[in-house]
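Engineer: Residues per chain are reported as follows:
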Amino acid sequence: MTDTLAAHEGSYLEYEGRHKGILGWVLSTDHKRIGLLYLSAIMVFFFVAMTLGVMMRLEMLTPGETIMKPQTYNSIFTLHGVIMVFLFIIPAIPAVFGNFIMPIQIGAKDVAFPRLNLFSWYLYMTGATLAIISLFTGGGAADTGWTFYVPYSIRSAQNVSFTTLAAFVLGFSTIVTGLNFIVTIHRMRAPGMTWFRMPLFAWGLYATSWIQVLATPVIGITLFLIILERLLGVGVFDPALGGDPILYQHMFWIYSHPAVYIMILPAMGVVSEILPTFARKDIFGYKQIAISSLGIALIGYLVWGHHMFVSGMSDTARIVFSLLTFLVAIPTGVKIFNWVATLYKGSIKFSAPLYYVLAFIFIFSIGGLTGLVLGALATDIHVTDTYFVVAHFHYVMFGGMGIMFFATMHFWFPKMFGKMYNEKIAVIACTIIIVGFNILYFPMFIMGYMGMPRRYYDYLPHLQGWHILSTVGSWILVAGIVFMFGNLLYALLKGPKAARNPWGGTTLEWRVSSPPTVENFDEIPVVTGGPYVHDKPTYIMQPSKELVHENGDKLKGETLKAH
Amino acid sequence: MEQTHESRAFGTENHSHTVGYGTYIMVWLGLVALTAITVTVAGMHLGSLTLLAALTIACIKTSLVAYYFMHVKFDNMVIKVFIAVCLLIFLTFWILTFSDLSFR
Numbered sequence: 001m002t003d004t005l006a007a008h009e010g011s012y013l014e015y016e017g018r019h020k021g022i023l024g025w026v027l028s029t030d031h032k033r034i035g036l037l038y039l040s041a042i043m044v045f046f047f048v049a050m051t052l053g054v055m056m057r058l059e060m061l062t063p064g065e066t067i068m069k070p071q072t073y074n075s076i077f078t079l080h081g082v083i084m085v086f087l088f089i090i091p092a093i094p095a096v097f098g099n100f101i102m103p104i105q106i107g108a109k110d111v112a113f114p115r116l117n118l119f120s121w122y123l124y125m126t127g128a129t130l131a132i133i134s135l136f137t138g139g140g141a142a143d144t145g146w147t148f149y150v151p152y153s154i155r156s157a158q159n160v161s162f163t164t165l166a167a168f169v170l171g172f173s174t175i176v177t178g179l180n181f182i183v184t185i186h187r188m189r190a191p192g193m194t195w196f197r198m199p200l201f202a203w204g205l206y207a208t209s210w211i212q213v214l215a216t217p218v219i220g221i222t223l224f225l226i227i228l229e230r231l232l233g234v235g236v237f238d239p240a241l242g243g244d245p246i247l248y249q250h251m252f253w254i255y256s257h258p259a260v261y262i263m264i265l266p267a268m269g270v271v272s273e274i275l276p277t278f279a280r281k282d283i284f285g286y287k288q289i290a291i292s293s294l295g296i297a298l299i300g301y302l303v304w305g306h307h308m309f310v311s312g313m314s315d316t317a318r319i320v321f322s323l324l325t326f327l328v329a330i331p332t333g334v335k336i337f338n339w340v341a342t343l344y345k346g347s348i349k350f351s352a353p354l355y356y357v358l359a360f361i362f363i364f365s366i367g368g369l370t371g372l373v374l375g376a377l378a379t380d381i382h383v384t385d386t387y388f389v390v391a392h393f394h395y396v397m398f399g400g401m402g403i404m405f406f407a408t409m410h411f412w413f414p415k416m417f418g419k420m421y422n423e424k425i426a427v428i429a430c431t432i433i434i435v436g437f438n439i440l441y442f443p444m445f446i447m448g449y450m451g452m453p454r455r456y457y458d459y460l461p462h463l464q465g466w467h468i469l470s471t472v473g474s475w476i477l478v479a480g481i482v483f484m485f486g487n488l489l490y491a492l493l494k495g496p497k498a499a500r501n502p503w504g505g506t507t508l509e510w511r512v513s514s515p516p517t518v519e520n521f522d523e524i525p526v527v528t529g530g531p532y533v534h535d536k537p538t539y540i541m542q543p544s545k546e547l548v549h550e551n552g553d554k555l556k557g558e559t560l561k562a563h
Numbered sequence: 564m565e566q567t568h569e570s571r572a573f574g575t576e577n578h579s580h581t582v583g584y585g586t587y588i589m590v591w592l593g594l595v596a597l598t599a600i601t602v603t604v605a606g607m608h609l610g611s612l613t614l615l616a617a618l619t620i621a622c623i624k625t626s627l628v629a630y631y632f633m634h635v636k637f638d639n640m641v642i643k644v645f646i647a648v649c650l651l652i653f654l655t656f657w658i659l660t661f662s663d664l665s666f667r
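Those protein sequences? They're chains X and U, same order as listed.
Last residue of the first sequence: 563 in the numbering used here, with the numbers rising by one and none dropped.
Last residue of the second sequence: 667 in the numbering used here, with the numbers rising by one and none dropped.
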């Protein structure tokens, strides 16, 4: 009974249930605490991978050896990729903010399977631990690149088996989280929250979750086949035994291309939350944005072959995949135009999260449009496996998901911790990050066009100027990131108390206290309208006191009568 | 319509469907026969059709196992739709992969 009372009164940060201290966190099934468990782990891995990235740039400052040997460089770019992709980019927004915010946004007290949710965090940590162990055991850290292409991944003397096993385990974590979100969104929406009254972040997560559930098993089994090839020599990818090395690339990209959309769709969902909040205006083209998420998820399944245009694939397949690749631009364009239209004639309030979103739209558009250069067969042949590709995917992944992760942190930070950060510093940090980002990655487009191959330890002297510029950009970027996190950390420790709704948001999470209580709501609210309506309330937070019918369909008339 | 009601009742309420041993034995014999056909076809040197034949037979066998032994036949519609979606996606993977393999 005492617990129940506490659940309604105290915040989830203060709540003390059966376990106290650290156990109260690592054994908690509360979706908010699990979100923060993910956040703490993910931040550690982000800083590790970022440090590796900076070391790579330092090595490229001069031709030949600068700070490390070639073998170390090979392992470092592999680890940078593996950690960033599997431990940061894929889980960051869904596992942290999806867990924390989505149940509140749809009016639920938790996810559908809270214990499974905690289990997925343990799977994530197990996978991460295996990845760390792989660094120090066997022949040393893998040196194959994060793509683990055969035949090299089968022949490499480094500890490839362990690293792939880590990715295999991490895949399970992704699948479990995806499954949990699908069931939660289907079964736990508050009364009256129809599909088209659902916030667009939840739509983004829904589309993402389907990709997670349907595509991740493919990478699991593919990486497992690498282990079998290395240990038993089964020959699936070995031509000498009747296998096909290009089959590996098909299977790898059948997952890993949709994974790009696992990375970006939740970020796009947050864009659709932030823009109407700071434009003080209903989102333009709600249904189109919602359905375009599913469109991107669907078409994203069918384009994997564009990673293989020079791998020896048939001409027919190349033409088919090139055509399909261009189709992805349509739902993506729908989103971009709708976002810009949302700002049109809005009553815009420039705050830190909006600055990040505007930077995202600019940077992601560059990333997307250079993707078309790579999707076209003729131009792709010229720039395949050059720095152009590296620049493109950093513009899309870091400029897209990474920048939006920062935006999301700033947007929901007051809600999650009940503290407010210094906005002026946040905007200055954002500016430094955007400047550093472009100085770091834009020269890579030029170097790629000039023929600088990716993953090379050395380069010709005429490229050094661009490499120096890029390395200086990495220093500026890192300074901005440290500045940004320093500001948030200071706010966490000493920041002023945040209001319930500091941004004037219209979705359900802004109707609960900052930080939320353990069970989020005293009563499950009833939804009476769309998520981004600014001029009238579209939620009834205490329906028992307002004689509201529980059935969402009949709600409108009943509510009007009641009032 | 009647069938839908019937399957819903079977799928969600009491699982009261009973399948006789005769049906299971017939399905099993069917699977054995299809295996025999697969082996025979593999020895006939049909060129590129060999793979197609083997896959078609494998699909039929999988359907029989799923439909009878895994009781998909008696599940409600939503399960059938989900399985159909997964199969459709799997089929798409195959077709697109074969757009490479068959035209190299």
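Don't take each hint at face value.
As the list claims (entries may be wrong) - To list a few chain X residues with every Cβ distance to chain U over 12 Å, as calculated: (1) 14; (2) 58; (3) 118; (4) 147; (5) 225; (6) 240; (7) 250; (8) 315; (9) 464.
Stated by the list, open to error - Residues from chain X shown here face chain U by an in silico Cβ test under 7 Å; the list is partial: (10) 214; (11) 310; (12) 316; (13) 351; (14) 374; (15) 377.
Hints are computed from structural coordinates only; laboratory data are not their basis.
Note that beta-carbon positions come from the ideal geometry of N, C-alpha and C, so glycine has one too.
Engineer: Kindly indicate which numbered hints from before are broken by the structure, ordering the numbers from low to high.
Structural biologist: 7, 8, 11, 13, 14 and 15
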